[in-house]
Amino acid sequence: MERKINFSVYVGAFVLSLLIFVIGIYIGYLIDSSNLQSINQEVSTMSEKMASIQLLLLLEGNSSSCPIYLSELNSLDQEIEKVGYKLSYFEDEKSIYDNDLKRKYFVLEGESYLLSKKVRSVCGDKSLLLVHFYSNKNCSNCKEQGSEILKARDDAVSKGINIRLFSFDGELESPVAEALEAQYGIKHYPSIVVNENTYNGYHNANEVTKIIMASK
Amino acid sequence: MDIVLLLNYAIAFLSLFSVNVFIILYLKHRKDYHKIPEDDGWRPMVSVIMPAHNEGKYISKSIKSLLEMDYPKDKLELIVVDDGSTDDTYPLASSFESSSVHVFHKENKGKGSALNFGLAKAKGEIVATMDADSYLKKDTILKLIPHFNDPEVMAVTPAVKIKPSDSWIKELQRVEYLMILFSRKILNFIDSVPVTPGPFSMFRAVVFDKVGGFSENNLVEDQEIALRIQSHNYKIRSSVTADVYTEPPSNLSELLHQRVRWQRGGFRNFWHYRFMIKPEYGDFGIYFVPLNFISMTAFFLLLGLMLYSFISTPYYVQYIWVDALGMSITLVSLVGVFVVISSTIMLHLAIKSFEGERVKLRYLASFVIFYWYLMIGYNTLFLIKELRKESFSW
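Chains as they are written, first to last, in the numbering used here: chain U, 1 to 216; chain F, 1 to 394.
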């Protein structure tokens, strides 16, 4: 028999597949944009909550309202941390970077850090403050350091130690991150600061746990 | 763009493309789907070869179904070749011996050898091969014969089906068989039928003179002979109206054993016939043969990517896994959803295209959900056995 090639079928299937693909890219783009917009909205809402707590602390500034400060701060910290993970998820899993949103987020984190320090002094809060400085550009083990810190944090929480965690990308040209780096003498990544003591270099979960236990 | 994402996109596009080829071919040829060539009354001598190895449980029913055919009795002969059975296959088959039923016993050398033994005895102008656990409907042969009106047609395949049952594993295979049958009919329109199924297939006897007999050291000799016929540029036609029922594996272990055998034999056959990947072999050469290699590569690649994605999931994802599910929607997952939807549509079209075939929704859902996992199982076993170069057994 004489063999034939149905070019029209393959061209049709290719065009149809391309069309679906382009529609898929567009819908995927819309979904990603909508997710980022929703994170942006979350950051704005949290900024407003943060301003309220700051205002409360400025107005009263005494220990009688500590239960309110602590409760508000604890819940806000959890929300901030969760938004941080979402931003990391976009970067790690989808290679989507929104530096403006991240800088806005770092401002919020910086405010939360300063507020936590203030609450520690006013209310005698025993929570440990752990700051992780990392870089997305020139640091091969920064991602792993992030995971090790979380493992150590989870371990400490299970032992009844409360830890407030803050992470800053030091190479994002964020004024907040740069100011904190200058304050704690951060020279390279990863580095961690626990209760204002700086530990340069990579530390595995066990080492971080030892630092935490020594700092409590 | 990172390589993982690029590979995901490539696999998604290829899956989409191959599904779309089938959908377009179906739409293009839907009017010819049920068309049977006109019966001009030609009734050639038909020799049915039935190789059997330990088929005592089913062989009597199979022989009876053949003897009850609506076909001139003097034009039909049955050659049962007992390939060294250790059960009662031989005495059971011998009880049917007559002028048109010949039963032979030989040393166990495999199905291909038994078929060739039968071929040497066959007198018919048309030769059919039939598994000893398959049953025909009365009009099966009558519906297949007219396809040979075209002198270029050297083989015709029937609609191999499974009888409805309450067994989940059998119903899953029943849906799969209907899907395979539907796909084979579509491939028929581009002269790319890749198999002459063991349960029942008919051949013009002369084709064995031209291309040789059955391969004797092949796990899927019914596919090998079809590929050989294709390599000689002869036509193989597929019927969706001539029904043949077969007994499927009744448990997961038997099913896995069968599929690993098919997969190993199939891979080796396509590898042997890879020389057909050229335009001279038309759609078969530029689409179907490459598709087999590409889909197998894509399958293992996808499995690897899924494994990689699972292993490399960052630690913090556990704290936001609900949000991560929503955020993980990407082009790949959207295309994946489309492929699942379009495959389900194809499945619906496939079942709808067979009159009287109804499948319960729970079995359809099981097929869509679990078939992928079944494929992971037998493809992984296939890969392990091939890499370890384990010997064949049938």
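Hints are supplied without guarantee of correctness; some may be wrong.
[To be verified] Using 30 Å as the maximum straight-line C-alpha spacing, the simulated DSS-like pairs for lysine-lysine come out as follows:
id	chain 1	residue 1	chain 2	residue 2
1	U	Lys187	U	Lys151
2	U	Lys4	F	Lys210
3	U	Lys4	F	Lys138
What the hints contain is simulated information worked out from the structure, not anything from laboratory work. On a predicted model such as this, the values are computed, not experimentally measured, just so you know.
Status of each hint after checking the structure:
1. U:Lys187 to U:Lys151: holds (25 Å)
2. U:Lys4 to F:Lys210: Within the cut-off at roughly 22 Å; holds.
3. U:Lys4 to F:Lys138: violated (36 Å)
In terms of the numbered hints stated before, the structure departs from hint 3 and from no other.
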